[in-house]
Amino acid sequence: MRFFRTQHWTFHILLGVFLAYSRMDYLMSLILPVVFCQQAFLFASNDYFDREIDAQDPKKRNRNVLSSGELSLKKARSVLGILVFASVALSACMGIIPFLVNSGWLVLAAFYTAPPIRFKKRVGFDLLVHGTTVLSFPFLFAMVASGSYTVRNGFIGVVLVCISLLAQVLQEVRDFETDSLIERNTVIALGLQRSFGILLVILFVPLILSSFLVVTGRISVVFSIVGSLCLCWMYDLHRTWRTGRLTEININAFGDILRRTAVCMVPVVLAWIAW
Amino acid sequence: MIIYLALSSLLLSLHALLRGRTGLSASLLILAAGAMLVQMVLRGREEPPG
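Keeping their order, the protein sequence lines are chains Y and R. Its first residue numbered 1, the first sequence is counted upward by one per residue in this note's numbering. Its first residue numbered 276, the second sequence is counted upward by one per residue in this note's numbering.
Keep in mind that the hints were calculated from the coordinates and are not lab data. It should be emphasised that the depicted structure is a prediction, and the values quoted were computed from it without experimental measurement. Heads up, the beta-carbon is just placed ideally off N, CA and C, and yes, glycines get one too. One or more of the hints may lead you astray.
[To be verified] Sample of chain R residues at the chain Y side, in silico, Cβ under 8 angstroms:
(1) Tyr-279
(2) Leu-282
(3) Ser-284
(4) Leu-286
(5) Leu-293
(6) Arg-294
(7) Thr-297
(8) Leu-299
(9) Leu-304
(10) Ile-305
(11) Gln-314
(12) Met-315
(13) Val-316
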C-alpha cells in the first residue's frame with residue numbers, strides 16, 4: 001500500500017466517481033476497481049521511475065519504498081504489470097470506448113515520469129498531463145464509462161482539471177528552489193512572477209464558467225460555491241504576491257480549504273433557500 | 276476569514292441580479308457590505324498605536 005500511496009488519492013477517486021455516477025450497480029462494481037488500479041499505477045510508476053532522484057532527497061527517500069530498498073525492482077515490475085493487466089481487462093468488460101480511454105490514459109500516465117518522453121520535465125506538458133491524469137481522471141473515466149454527458153458533469157470535469165492544474169503549479173512553486181537545480185518545468189521556465197499569473201488564469205476559468213452557467217440556469221445555484229472559492233483564492237494569491245514571499249504559499253492546506261468553504265457556504269445556502 | 280464571506284456574498288449578489296432576483300441581490304449586497312465593514316473595523320484595530 002505504501003508503494004501505491006493510497007493516502008494521496010483514495011478520497012478523491014471516491015468523490016470523483018460518485019459525482020459522475022452514483023448508482024450502486026454492475027457498472028459501478030467495474031468502475032471502482034478500474035480507477036483504483038489506474039491511480040495505484042500512476043503513483044507506483046511515478047515512484048518506480050523517480051527512484052534514483054528520490055534517493056537524493058532524505059524526505060522523499062523515506063517515502064519511496066524503492067529508493068529506501070524496502071521493495072525490490074523485480075517485485076515492483078510485477079505489481080505494475082498486474083495493475084495494467086487488471087485495469088485493461090476490467091475496462092474491456094465495459095465496452096470499447098472505456099477500454100480505449102483507459103489504455104490511452106495508462107500510456108500517458110506511464111510517460112508522465114518514464115524516460116525518454118518524461119512529460120513532467122517538459123514545459124507546458126507537465127501541466128497539461130497532470131491536469132488530465134491526476135485527480136480529475138477518476139471523474140472523467142466514470143463519466144465516459146457511464147455515458148452521462150451532461151452540462152453539470154462537463155462543468156465538474158472542467159473544475160477538477162483546473163484544481164489538478166492549480167495543485168501542480170502550486171507544487172512547482174513550492175519546490176522551485178530545489179527543482180531548479182535538478183530539472184526544468186513550466187514554473188522554472190516562466191519564473192515565479194509569471195507563474196502567479198498562470199494561477200490567476202486557472203482560477204478565472206471556473207469563476208467565469210460557474211457564473212455563466214448559474215446565471216443562465218443550466219446548473220444549480222449551489223455551484224456558485226466554486227466561483228466564491230475561486231474569488232477567495234484569487235484574493236489570497238494577490239495578498240501573497242504583495243508580500244513577495246511567493247515560495248511560502250500554502251493555499252492548498254486542507255484546514256484552510258475547509259474553513260474557506262464553510263464561510264463561503266453561508267451566502268450560498270442563504271441564496272439557495274431564497275432562490 | 277470575514278473577507279471570504281464578503282467576496283462570496285458579492286458574487287452571489289451579482290448572480291442573483293443577473294437572474295432578475297433583485298430582492299435577493301440587494302439582501303446579499305447588504306450582507307457583503309456588512310462583512311466588509313466588519314473586516315475594515317477589525318483591520319483598523321490590528322494597526323499598532325501611533
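Does the structure break any of the earlier hints, and which numbers would those be? Violated: hints 7, 9, 10, 11, 12 and 13.
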